[in-house]
Amino acid sequence: MLIVLRNINKVYKAGDVDVPALINLTLNIEQGEFVAIIGQSGSGKTTLLDILGCLSHPTSGEYWLDGDNVNILPESQLTTIRNKKIGFIFQTFHLLPRKTALENVQLPLMYARAPRAIQHDRAKELLTMVGLKDRLYHYNNQLSGGQQQRVAIARALANRPALLLADEPTGNLDSQSGNDILTVFEKLHQQGQTILIITHDPLIAQRAERQITLSDGKIVSDEVTHPSSKIMV
Amino acid sequence: MLLAIIHDALKNLSANLLRSGLTMLGVIIGVASVIAMIAIVEGGQVWLVNSIERLGTNLLFVWKKRMTVEERRLYAGRNTKLKYTDALAIRQKFPELTVAPVDWFDGQVKAGDRDFNGRIHGTSPEFSEMRNFFPARGRFITTVDLQEWRRSVVLGKTIAKVLFGTESPIGKEVKIFLRVKNRKKVNSKKKKGDSIKEEKKEQQPVSEYRFVVVGVMEAKGEIQGKDWDEMIFIPATTMIRYFLGTDRIGSLIIYVPDRNRMDEISQKLRQFLVQRHEGIRDIRIRNQGAFLSTVEQTLSTFRIVLGGIAFVALLVGGLGIMNIMLVTVTERTREIGLRKAIGARRQDILLQFLIESTTISIIGGGLGIILGIFAAYGFGNVVAQAMPGGGDWGAVVEPTAILIAFTFAVGVGILFGLFPAMKASKLDPAEALRYQ
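Top line first, the protein sequences correspond to chains A and B.
When the letters of the first sequence are read in order and numbered with this note's numbering, they come out as residues 1 to 233.
When the letters of the second sequence are read in order and numbered with this note's numbering, they come out as residues 1 to 436.
Derived by calculation from the structure, the hints in this document are not laboratory data.
Everything numeric in this text was worked out from a predicted model, so none of it was measured.
Mixed in with the good hints there might be a few duds.
[To be verified] A short, non-exhaustive set of chain B residues, derived as facing chain A with CB atoms under 8 Å:
(1) Ala15
(2) Glu335
(3) Lys340
(4) Asp348
(5) Leu350
[Claimed, not checked] Beta-carbon label-pair distances, calculated as ranges:
(6) B:Leu17 / A:Asp201: 36 to 46 Å
(7) B:Val312 / A:Gly67: 54 to 64 Å
(8) B:Leu17 / A:Arg6: 48 to 58 Å
(9) A:Gly192 / B:Ile6: 53 to 63 Å
For each residue, glycine too, the CB sits at the ideal point set by N, CA and C.
Extracted from the complex, chain A is given alone in its bound form (with noise of 0.2 Å):
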């Protein structure tokens, strides 16, 4: 098991009031499935996202990511885990302003301590697996938005992560560019890739081959839309 949450509970502060997040959230993802996490705005998305991503602890619960407890983890050793176990993909892709399409991949084996000729060579093959061969000395203001999202999925890839987790990844995007994307989630899956993706469109959510919808903080539905697809137990 990758991945297992259980009695997750998160409580944002506001003011004098209790605001419930996350609502006893038991689950548990496997090596290799490529899961939608689909719900409203409010429902709890992006607050599982932060403790799935190691971001924040859950205010209650317990959270075990490839065999480690995080949620007792200090911050020195949740951003090792960060670096190495987890990719991330934002909706406003979040690359560095004033750098390559290149130097952007090199930054987390830069802060893995990655020699600068492996630094290199891995982000120029990453790159180029997402089809930016020719894309390596460009500026993020020289790429189309779709071309912004490969280079990130790049970065993500970067320190072969055990969790792919992507927010939204084709909410800035015209539906072709969502649609490469999403393929090229689909490539990896077939790799062998776990992915977690956070949307609100259904239509999206269809890809993935397992759907967890959330509403109000706890899951009200887990099906699995692909049984074509092999899961590996």
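Dock chain B against chain A, hints included.
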């Protein structure tokens, strides 16, 4: 890693060129003013010490003290005032010292139809060496001149030129006479209330004597507001006999071979002279060493005050850095969030922003050094022109001053960059990512 961070810092700074430039300006001005201020004061010190040392070192100056009317009445008829014989007595009592009596009067030197009004100094052979002032042609006053009251004269360079042009003045004859007008004070002391006679005396010079030019002094220029090339020297004994009519002498210059004993010798001399003057304290002794250290003390106070002001400017520059770094951190909150999300540790972020602020201060410091050196020499020139006789006051840019200013600037960059960098490193990644 470090290289990549420095590369990033330079890129980010150049992306906001105007902003980075203005921030740097604070550091540039700070560093430049530290360097310039210290250099100017340093230059002043070197100039002062040089100008004193160029006129000989290890000197004690003995002057007659100006007495009040009451004192004069009290000591009337007693053996007071500095006398030529005091010089001889000191030589006997302290054989290790060199003594030169010096007095002067305003006179006129005439050669044919050319003349020159100047100060005519009576002194002894020792003067030349003590004041580090030598004849370029001919000779200075000798012991024989002194013993035989010879009418030998040594001319300053300018005077020789005025009187003789390009001709060699050695062996030529000049006439020297006292300009009575300027000895009014002396006369009025002698004959109180007899002002009518004095006026008459002013009309016609009384004493005019022929002298032979025996030497011309080397060029010395203006030092401490006095033009040494306009000096005229005659033997002290000759001056007393022909012009002063009294063996009182204005001052003695005494050379002490051992610098460390100057205070002690000064005390002993005072005792000795007071004893000779029947216990009356009618002399003053100025110790050149003590004077020098007073000057140095004053200047180091200047250095501290001016340097302090400049350092405040540097601190203000540091505040500018802090201000801009805080803005930068806020602007780049999302970037910080992203960096943390993909694995930047706290110290990575801290280092990134510290390097950015330090880069500002290093570049600013470097430019400040250049500006400071220019400012120092430029301002030094202005001072030199504004001050009479300050012609060779130049700023002295000390490498240590540069080093201190630069180190301080970099320190300011780190110190004032630390708070914004800490703020950045402590940002919550989840919040920072979604910062609007």
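Do the hints match the structure? See the list:
The closest approach between the C-beta of B:Ala15 and any C-beta of chain A is roughly 6 Å, which is under the 8 Å cut-off, so the hint is satisfied. The interface hint given for B:Glu335 is met, as the beta carbon of that residue sits about 6 Å from the closest beta carbon of chain A, less than 8 Å. At a threshold of 8 Å, the smallest CB-CB gap from B:Lys340 to chain A is about 7 Å, leaving the interface hint in force. A least Cβ separation of about 6 Å between B:Asp348 and chain A falls short of the 8 Å threshold, and the interface hint therefore holds.
Interface hint status for B:Leu350: violated, as the beta-carbon distance to the closest one in chain A is roughly 13 Å, over 8 Å. Roughly 42 Å separates the CB atoms of B:Leu17 and A:Asp201, a value that falls within the hinted 36 to 46 Å. Restraint check, B:Val312 to A:Gly67: a C-beta distance of roughly 58 Å satisfies the suggested window 54 to 64 Å. For B:Leu17 and A:Arg6, the Cβ-Cβ distance of about 53 Å falls inside the hinted range of 48 to 58 Å, so the restraint holds.
Range check, A:Gly192 to B:Ile6: Cβ separation about 39 Å, and the 53 to 63 Å hint is violated.
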